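K.L.:
If you want the building blocks of each chain, they are given just below.
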Amino acid sequence: MEFKVRDYRAEEEAHSLTRVSVSSHPLCSSSSSSSSLSLTQDLVSVEFFDPLRGLSTEILEPVEDIAVAQKHASSQSTSHLSTKEWASFNKLLMQRFPVPKMISVSALSSKTIKGKKAIGELSTNMQSDDLNDSEKSAERGFKTVSQQEYIKRLHELKDEIKRSWHADDRVTSLKLSIKVASLLMDTCVAQFYPTLFVLATDIMDMLGDMVWERIKEKAEFADDGTKICNLSDDFEANSICLEAKETCNNWFRKIASIHELLPRIYLELAIFQCWRFLRNDIMDNLMRTVMMIRGIADPLASAYCRFFLIHCAQKLPRHDAAHLVACISDQKIILKKIVSTKQTKYGNFLGDLKLLISLMEPTIEYTMRCIFKDPNQVADMIVRLEVGKSPSELHGKVPWISIILHYLLKELPTEVVCSNALEFLNLIDCSSDFSFDQCLNYKMLGLKVSEGIDQLNTVDAVIDEVIQAATKRKILNEYLKILDAYMDVILHYNMDQSLKSILSEIFERLGNEVVTEDELASLQSIVVKLVTHFDDMKYVFDLIYFVDILDVMHGSSRSIVSMHILTNATRNDRIDDPTTVKLLFDVAQSLHDNVDFSNTRQDDNQHAERLVARFIDKVDHGIELDRHLTFLVECRGAFSSMNGLKEILVHSSNLLATKALKEKKNNLNFVKSCITFSEVTIPCIPSFARQLILYLETAEISLFGGLISHADGLLDSAVCCLQSFYMVDGLRKSSEDVDGIVSLTRKLCSFLLLVPGNLEQGAMYIPKSILSLLDSQSLITPKLRIIVLCSLLSLSATFAQTELPYHAIHEEVIGNDRLYLGDAMYSQELRSLSGVILHNMVDTIPQESSQVTRGKLALEACNCITTFVKVNDEISSVCSKLMETAVSCLGGDDKYLQSTINFVNKQSPTSVGGE
Amino acid sequence: MSVEIKLSRSNRTYRPIDPLAGKIIIKSPSSISHHGIYITVNGSVNLQVRGGSAGFIESIYGVLKPIQIVKKSVEVQPSGKISAGTTQIPFSMILNDRGKGKFYETFHGANINIQYLLNVDVARGYLHKSLSATVEFIVESELAIFPEKPISPEMVFFYITQDTQRHSLLPELKSGGFKISGRICTQCFVSDPLVGELTVEASAVPVHSIDIHLLRVESIMVGENIATETSIVQTTQIADGDVCHNLPLPIYVMLPRLLTCPTVFAGSFSVEFKVTILVTFQTELYTQTKSDPRALRKWVAMESLPLELVQAK
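Taken in order, these protein sequences are the chains called V and R. The numbering of the first sequence is the numbering used here, which starts it at 18 and goes up by one. The numbering of the second sequence is the numbering used here, which starts it at 4 and goes up by one.
These aren't lab readings, by the way, just hints derived from the structure by calculation. Every value quoted in this text rests on a predicted model; they were computed, and no experiment measured them. Backbone N, C-alpha and C define an ideal beta-carbon position, used for all residues, glycine too. Warning: the hint list may mix true and false statements.
[As the list claims (entries may be wrong)] Distance ranges between label pairs, derived from CB positions:
hint	chain 1	residue 1	chain 2	residue 2	range
1	R	SER95	V	HIS172	48 to 54 Å
2	R	HIS38	V	CYS246	43 to 49 Å
3	R	SER36	V	HIS172	56 to 62 Å
4	V	PRO334	R	SER11	30 to 36 Å
Start from the sequences, fold in the hints, and give me the full structure.
P.N.:
And the structure:
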């Protein structure tokens, strides 16, 4: 068998493509903008209400309705949004308070819930001349009803109301609705009240809509069904016919005759928009209703009643905010009464005051949201709410209640808060009651101020006040919570003095007590803000007490802070300050020690590992290469649990060796240390594939440094590694791993070209080891085998050339072409090795079970053989056999087969194979 | 075979000078002959005396003779035939064509009932039962009937304290004291709500409820005596529970139709109205047995004011 003689230089020239210079990078495609556009469209959340899309669904209606539909959509869009808002708010409301399974209810409501459909019973309510209260009082005391039963009954009532309405029995509908509204008088249901409210007002809304539609129909159509007029959305009351007015009046009269105050208000509110049929200006009526709610002494019932009023007022086409301001001011008076009570209970409410206020909270939130909904009216609202007046100016008026103040701050536009920060601080300072944690108001202000950080004036005064207020707090967590909200401002304006005083105060307080989880969380937030603010970690570490505070922290907060520190530190190109490196090393170590490698989520661990890796990567000791190696050794010791990190360490040490080699020649010992470091570190890495890569890399470095014996040792290890891979990983290797290892084996083969033959173990020692490895491992698939065999064949063919295609850089490393120049033994060895490979190939192909693969492998082998070996009779018979296999497996028409035949024919003088 | 009357106005409300118009609708499966179709208007004041101050007279008199306001009959169609199916016969008549006589407004009280009925009769001779139907219509008088009276929203101020009460109060109410002040309209249009304002200024005992009672005072001349009875028309709660002090509460009471009418002073009877503000205080005494609703209880304070109702133009 003879190898073909190759002229690599000529081949490269012949095969390389002609190169043309281009003006733009092919990967910078200009069409990227269009693709990103489609991406953003997909990301649009479903929750978002797009008025344009809403319109498009209406266009699906008959064509003549388009104009009406469009008009409807445009004029209703604002109210539509508020309906949606109302619905989502209600949904939250129902989920907000955990409701016990059993609810205690008053005797009166239990009658409604449990009672049969005895509507007659209720008639006393309609026109009650119930001067005598003894009947009611006889039923005092509470009963319990299950939550399910209660809700079921409400649904039943709703169905009954709907049914009787459609059966033209509107009196029954009204009576049942009154029954439902009366349930809202009963606040002993406590946590269930919000749910009850949502369900009951749903019924009220339904009734209101039905009445509205009925009167509208009366106004638009005559008795005999002929159309009188078409009411626009902003119709005038004088365009309504008398008959419709009469019906409308009757509804209001019927409702006005309800004895009890609360159901009367609810029902009037339910049909409130119907006032529009009677008169144009109905704001007086609305204000009268606001005033009427004052008559409800129960704070919970009145708060929710106001809430419903605000909801109903939003259905009106024009509404100013007078009713909102009045509602808030009445609410303030009631809250004032609650917070100043000396008792633990208020009125008839059974729960404690905290529960009472928390149940009222959503109504306050909603009211404030409505007040500041219109950005054009903010200034007007501020004046009307008398926000600007200081407590002393209020002259006996009710000061701000902290819970109201909270929602005021929350809903006010940022710029307003920022430009009056000091005034608001004053307000917060003055409103300290149990309705809302004062700290959280300081915090809310802080958040608002941070949002509009650049619009803030009187920064120094504000921060001084805040620090003073916070320092007054005895509890550490309160101190931290308040200051946390202002950290952004302090950092933004570089208020070093304040920062210093805060840090020293924190440190002092930390020393005095055991730090709780909550406090750690607040501390964490402060420290993270501090860390992320500064670009240079050196500055942060230099802050007085910073490192000491860091030491006090522990657990997950510590880890989170450590991660932030590392993230921030590695944002810079290089970390070279020795103190910073040392401190960061400590931070990284604490992070490493805190990570529970057996337990916590994989993602977190990987994130921590990546951060440490980045830190190691960014550390730069400049020309002090020894120190850097020491650093790497320290890292290996300190971060022993992070396996991925070891790879980085090996790469780093290899890089270090390369640097040393490039710089000067007389530091071979240092290079040796680096290589030894790598050699020792590689076996600790669990994946054999990874090990193999690193072994090859390190071997390359050692060859680069002329350390042939090191390279030999590393290659030995690599072959062992390959063996272990097949043995250990063999059974559970994925195709990806296998592909990887195949390409690594090929890489190994191409690297072997550089390595001078080992005189003791023979020049072809490693290729032979690989060959025997193939033989010993029965699990290796025929396909893999052929690929590796092809590589080995090409390796031996290349070794047989008089000049190798490439050589090692180091001048002391002599290539095999020069080492074995004219050595007959060497050539003989190569030939015999190739013979073995050839046999192996021929034997392997039939083992492949899949017919198609078998055919392809035959062609593969055939191509490989004819590429590297001179075609003589022996070879052409081998090739013919392979061709026959291929033809039988793939059929004669296969394109690959055709091109292989062409190729083989070109290579040999006599034709091989055939049809 | 049926007959019904459909009035031209859906609220069935007419002034005496208005034409009372409408349709007689006769539905019949076969054609029928008749001796004329007549409509009759009958307005009267029905009086009865029971209980109350006239207790002893009641046994003697009971129901008094009604006072006739109007009785008028008109032939809508002379005798003839009505074809099968639905027949509509329009009619129209002026109630007060002579321009005199008092048309009191419709009122449904406890002892006094002022009612106007419209009757249709299809006379069919002695062999057949005559077809008939009756419908009540409501009369609203025009202002002109009464002496011209300037209406100004006159507000009357009132104070309710422990000292203004004529009945005995609970000791704690008497000693602790309370003050509820306000103002209320004492002259108002029947079509408008009764409005006012009320403020709890002070109260040692928590308020349980504040109600506005609308009362009617019906007086009937019985021989030499006048029998007067006061009864409640409507109760409206304006405060439920111990409301915040010094916060004005609105008084807003819509007057129920038919159950109220402009104040009437006729020779033999009169209908007047009163408004009572009733403040109930919280007490443990509710468990007491049911007593006469008009008896004044010790935990209740009140103030009554006369209320003059006037018809709007």
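K.L.:
Does each hint fit the structure? Answer for all of them.
P.N.:
A quick look at each hint next to the structure:
no.	hint	verdict
1	SER95/R x HIS172/V: 48 to 54 Å	52 Å, holds
2	HIS38/R x CYS246/V: 43 to 49 Å	45 Å, holds
3	SER36/R x HIS172/V: 56 to 62 Å	59 Å, holds
4	PRO334/V x SER11/R: 30 to 36 Å	34 Å, holds
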